[in-house]
Amino acid sequence: MTEPERGGPRGSDPILSVRHLTVRAPNRTILDDVSLDFEDREVAAIIGPSGCGKTTLVRALNRMAEVAPGIRIEGSVRYRGEEIYDPAVNPVLVRQRIGMVFQRPVPFPMSIYENVAFGLRLQGIDEEELDRTVRRSLEQAGLWKELDGDVERSGLTLSGGQQQRLCIARALAVKPRILLMDEPAASLDPTATQRIEELIFDLRKEYAVILVTHNMQQAARVAERTAFFYQGRLIEYSDTHQLFENPREKLTESYVTGRFG
Amino acid sequence: MDEPHPPGDRSGPDRPPAFLGPPAPAAPAPPRRERSLGRWLGSPLALAPLLLLGIVVAVLAIASEGQNFGLSFWGPVWAFNPTDPAGSTYGIALFALGTAITAGAALLLASGLSLAISIALTVYLPPRTSRVLTTLTDLLAGIPSVVYGIWGFVVLAPYFASSLEPTLRNALGWLPGFGGPESAIGGGSGLLLGIFILTLMVIPLTTAVMRESLRSVPRELVEAGLALGATPWEVVRRVRLRVARRGLWGAVFLGFGRAVGESVALAMVLGNTVQFPPSLYGGSSTIASFIFTQLDSAFFYPELLRALVEFALVILILTIAFNLLGQRAVSEVRPRAVAGAGGRA
Amino acid sequence: MTAVVGAAEGPGDLQGSAARWRRRYAVDRIMRWGLPLALLVVLAPLFDMIYWIAVRALPTFTLATLTTDQVGLGGGLYAMIVGSFTLLGLATGFAAAVGIAAGMYTAEYAPPPVARWARVAGNLLAGIPAIVLGYFGYYALVLYTHWGYTTLAGGITLGVFMVPFIYRTADLAFANVPSEQREAALAMGARPGQYLTRVAWPIALPAILSGVFLAMAIGLGETAPLLYTAGWSSTPVAGLFQPTSFLTGAIWNFYDYPATEGSFQALAFQAAFLLLVLVIGLNVVVQAVAERYRRRTRGMRA
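Chains as they are written, first to last, in the numbering used here: chain A, 129 to 389; chain B, 811 to 1155; chain C, 8 to 309.
Excised from the complex, chain A in its bound form (with noise of 0.2 Å):
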């Protein structure tokens, strides 16, 4: 079975670790007693062949998974060193800390500068501070030039990809600490799937980012480390390079050379 360090030991403390993580629906397992760590500072991609369960880890990792009826979660996710599926821990609060963004740009029916702010206006946040917030966060993911300082408009007017940066943004308006992305260029043509890209490079000074992409030549392209998912079950978790140039584990050489998936 998975080795908790498969990945090799790091020099500083995961930001989060995973263990023994299961997740059934109610007629099948979707993930099957998946253990790794993610590290500050670093992208690691998700990939494998649809229904491998890529999407169901990162929802499980900020307790997004439980949102739909009948997913049942056994196992432990540590949020540095702290366990977000404690009883205690509320998952709203495991979801500012742990932001998402999802496969399809959905920005709410409202202004650029009201998506931005939905979650500062939740936390109460004054109004000076939340300009200078939305502000930043236009501008760290594109967005504030392209706009021309125009916020008011309906966020449902921007194309496409802009609507998507439009997206993170708004997740990193409420500063987390790690972004989990689902597919996020799956969407959008090659010129804002670039952008996209460049985006998530740039954003790993300050996140931790966890992509999920079903496009290899994008986890190779952005990611520090990529693991592997096959029917519910990690496969193989290591440096991008060697995974796609060294696989150890045949399952993971016959995905990434094409010969399924």
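Rather than coming from a laboratory, the hints here were simulated on the basis of the structure. Keep in mind that this is a model prediction, so the values were computed, not measured. All residues carry an ideal CB built from backbone N, CA and C; glycine is no exception.
Examples of chain B residues lying across from chain A (beta carbon under 7 Å, computed): (1) Glu1030; (2) Leu1031; (3) Ala1034; (4) Gly1039; (5) Ala1040; (6) Glu1044.
Go by the hints and put chains B and C onto chain A.
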């Protein structure tokens, strides 16, 4: 993996209530060359609903005989003598007041309760519980008006008269409508009981429309809200209610149309008095309930018959107006629901 | 205020001790437990109603209630049951013929603008208050025709009332037939008429049936379209041009008799009980049929 979910595939019982707005026209237009006999024969058939609607309106318009259409809205209705209606002036004001009070208050109560129920059903209750309770609330819609009426008159009215209304009068007498003379309480039939019954009768409709509107909020928007650290309630308030706004208003309009048209149950519990109600405990009549109780004597008094047809036209126009408003709002609910149900890996 | 955001380092990050967080969490709890109470407010009266109607009806409810005529101040519901089902039969025949045909043509043949208007009209027709239709029936079918109160007038008026409910489900049922089915049938050389009768009709039938049952459940409970069209008679319906009694009419006619005077009020409660049983039964059938239909079309799309 990426096939679109069938529209209602997500949670709860997904039979769309039959009265929920026009269906999304899912079928593509048939190819141009299909000029079969059926198509030509069919066009007037497709218009059967329009035709029936037209016939009903035309008959009512003919029945009013054109001559008396200037309604005496503020006519001296208090001179009205039920035992000798011929020759009296039939003002609609008091009946319109009865309709406004009962339908308005019932809608206010029903909207609040329905909103609470639909949020509980779509957000907070576990799916299985939600399914059972949805069936039960839908069942309320099927219960005949007369059954509500007899229950209200025989079971509730004595209770209203003996304990609820005196208690309310003592406790809330300072509120307009809740005070008034003690004699107004009478046998329990009256506005308060009418409002109570009408609220129960409207709730299934408003609940079904509100529930489907909330359910059609794209799941991704809800999840995006949760992922930003919002509590489920904050997602309701800031995302769901906002996105479903039009459908929720549609529910209120459709409910109002239903409340304005209710006749039988109100005729049984409202006391059928023609008076300016001294308080909420006093008797009243609505436009619809008055038609219902007077139509049999109208046979002998052509003038009453004409007055009643104008009453009928007034509520017909009101219900058509509110139904059009409601439909416009609700028709936007379903297509968006489909667009929002994208697949995920 | 900003303590919750970002700055916190190390363990305790997930504890959320700030006062604001406690308030947000408390509001969510209140809603989680408070909102379902509204269901109680609505369902308690439902059960109270069913309870009281059963209590008032059952002690005197025997087989004779169903099989004997109303005699003087007592007797049974036989005439009303026969009348109700005769009226319902006439109405369903009329409404199903018009509603299904119109629904089929709206979904399959009508050009989009016609279909749109037809749907709007259907919904408006459904919104017409029953008493307005009652007046319509009274004026057009009782007075104008000089028929007087007749079973036929009652059946037609009730039928007009039921048309939109059947029409809408029929429209939806045909529109919901997966378009692949149509394409496959036409690709195999079926004429549109053949596609309708051999492919679309069998697929849509369960949904249409559930619409018909639903309309019957609604029609069975109506009073206002019937009182001034079908009239009243204490003997079973004698012909289409004779007046007839019906179950809802029994409630309306007898509900305000004092409970002591004969058994008129008991008769009203027995009719109410019978109506509840029939309406709930029909609703169960509707649910079952709809469930079956859902499974069928779902399998087809997968």
